[in-house]
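Protein chains in written order, with the UniProt record's numbering: chain V, 1 to 250; chain H, 1 to 308; chain S, 1 to 310.
Bear in mind the hints are in silico, worked out from the structure with no lab data behind them. All residues carry an ideal CB built from backbone N, CA and C; glycine is no exception. It is possible that some hints are incorrect.
As the list claims (entries may be wrong) - Rough simulated footprint, nothing fancy, chain S against chain V, three-plus residues with beta-carbon under 8 Å:
#1 35–48
#2 74–84
#3 119–127
What the hints assert, rightly or not - Some chain S residues judged to face chain V by a derived CB distance under 8 Å, without partners named:
#4 G61
#5 K63
#6 D67
#7 S259
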Amino acid sequence: MPGPELLSTQGLRQDGRRPNELRRIHCKLGVFTQPDGSAYLEQGNTKVLAAVYGPHQAQKSKASTEGVVVNCQYSMATFSTGERKNRPRGDRKSQEMSLHLRQALTAAIKTELYPRSQIDVYVEVLQDDGSAYSVCVNAATLALVDAGIPLRAYVVSCSASMAWRDGRPEPLVDAARTDQASGGCLLTVAAITNTGSIALLEMSHRLHMDYLDVVLSRAMQGCRDIEAVLNQAVRDHLAEGWTKQDVVTV
Amino acid sequence: MPLDYRRFNGPEDSVSYKRFTKNYIRNYDEIHKELVNKNGVRKDGRAMDEARSLFARTDMVSQAKGSAYIEMKKTKVICSVFDPRETPHQNEFSQLGQLYCEVKLAPFSCPRQRRPHAPDAEERALSVALRQALEPAVCRHMFPNYQVDIFVLILEHDGSCLSAAINAAGLALADAAVPMYDIITACSVAIIGEHSFLDPSEEEEFVALMSPENTETNHGVITMSTLSELKQVSHFTQIGNLDVECVTNAIQTLEQECSKIVPNIQKVLVSSVTKCFKQKQRLDEEAKEREAELDAKMEEWKKKLKAG
Amino acid sequence: MAVKLLSETEKSFITYGVQDDFRSDGRSNIDYRPMELETDVVSHANGSARLRLANTDVLVGVKTEVDTPSPDNPGAGKIEFFVDCSANATPEFEGRGGEQLANSISNMMQRAYHSSQAFNLKQLCILDGKQCWKLYIDVLILECGGNLCDAVSLAVKAALFNTRIPFVKAALMDGGNVDLQLSDDPYDCKLLDVGSAPLLVTLCKIGEKCVVDPSAEEESCSVISLVVGVTGNPKNYCTPEESAKVAEGKAKCSAISMSGPGSVATKTLKDAINQGIVAAQSLDSALGHALLRERKENVTLKKHSYGFLK
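Start from the sequences and build out the full structure, keeping to the hints where you can.
In structure tokens:
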């Protein structure tokens, strides 16, 4: 069953990447002063802003004695996609995304530390060029780190798609819009990489059981790669941030 | 947005048959020239700086605490004000009472198009403007954490509907005995070129909002509401494109015009109060008569009883 | 609006400061805070701009669509404003919390752009009575630090200045329908004439005086503010060579409105309008200057980027 032509004869994708190559990651922590933590993350042309407020006293209806309630809101700017969106949030898709985001982040946050409290995580997709959910998870993780909220580990998300090359399956990591254009499958995984545990796994379209393993392991590899980048960014930010803060206090 | 499926909604984009009549297809200048003749008399026979005659009365809606009806020729507005009630869906205590305003244009009110049932952007903007205008006039500290509901229904829209709504709401608030600092009155003016139409009709407003071909011409509509005893402006909106001098002059004329309306409103209020008193007196008298009658009957019975 | 918690003493400090023409951040009553403006930041939009006014952060994207003109105005295009208050700014905006504020801003913008002298919709016409461009101006408020109206209007004007509308290569008439062929080349496009587009200036009445560009703290000290929309001068938006051909535009009021629970005296109102016009004129020339410089840099040099969006 030959799939759609996602790879050129040289084995490159439409945007020129190799199958196991991530998009360029650019990130910045602490972009805003009002939220407790904020981050801006760019993976290729997908651009996401995340802000974290909290932990603060939970709303009465939401409070739980077990641990902190993670309240997420996923919204997409009306100009973020090729076709204009009518509503930035509140539609089915963004509600689902909010739930998924919450699931992934709850896995990473040490929720038991803050009973009866609430952490608000707001992500805003400024530009969507594929794998927006993954980028949102990564941006939210960075914002949580910036807010100083205790995490078990980074939760990192990556997507993978599948193409065929010389009759053999070739998974594509970090799928951009062009990689999904011809209706290939899209597998999104959010994982805590150092324990190898998966916080969320989602797949759309059809994929043969035999190939699931290959695609999943490629996505997990992508997660590990992204984590290294994010980790470096956090370290850089802290090193830079301390000096900046010193200047301000002086 | 929940849709009302039971109601028959017409097609969203339909074109009025009037568009194909001869009168419709005219250019800006023709319509503009028609509004005022050489002697400076408007289409409906008014002078440029002459407001329409005002008819106002209170006590229109028996269920409401206070209500008012205002008619400026073809602009007809009814307003009802309800008792203060605890502000719903509020977590925090608010020191000042809230005003909740809702302006509704009746579906048949506008000459140009049929109004939808659900509140549209224009109605929402009118509601916000009305609240803004009324807030400084009401002693809101007298009813903390409570809200007063004000509903305005525009039965017929022939221009200056915001100022009519403000006038009616001010009268209805006074009628409902809501404590207020001053009588609130409002007036509009439409400006086209060097002409300024006081208290404009719908047609004049419409032309004033159309963009003239000459890019230098002033055009626009201004609405202002004042508390004339306190000499305060409680609301001011302008739309169109006007020079500063033009705006400043308009403020002057509107201020005068607003204070002209005050005695009329006062008269209506006085007459409604006297009417109220008279009614009370009459009721008291009636009650007394009845009591006297009863007493007389009692006496009669007592006599009969004693007589055995 | 996000309410800042201020004590009574803090409020009176600000209020008395303003009476002496001295504000808590060192400005005088007619000073604006520093601004950061960047255009062409969103690649999915036809035009975009990001403006940061101290702590207020606004992102504007302009998208174009082909539409049929309204029967009342067959020769003109359409323009629609949509403001979205992102929850990133404050948790109060979560869900539909920011809708009221967003509506009031978009309403004000729509009114300010109503007159054809402020923004000529005729330039959006493709085929008279058949096809026109519809501009969707989407404003995303990322952070609120006071004075949203001014920031939004500046960013919108910058985004419109940056907007490129593709040329129509061919139009096929097929019965009553029109089939348009748009140019695929991203450089084959026309720019909009936005010189006279209005800017909004908020004048916040604190005590007896009016200040421009109120911060969030100052906004919470005031009970009434006046928003004045003033049309721009097209001369500010063209290079010196072109400017000889362009007529001088007079600053006119395209919209005025008041917000807040208070009221003002007539004299204050008149003074405030005059003050607003003066402020708008200098803002307009500063904006034109910055935009022209950025356009020039885009042509000659590789673009530097300053904000977090790059």
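Structure-based check of each hint:
no. : hint    : result
1   : 35–48   : holds (count 5)
2   : 74–84   : holds (count 8)
3   : 119–127 : holds (count 5)
4   : G61     : holds (3 Å)
5   : K63     : holds (5 Å)
6   : D67     : violated (12 Å)
7   : S259    : violated (22 Å)
Taken one by one, the earlier hints fail for this structure at numbers 6 and 7, listed in ascending order.
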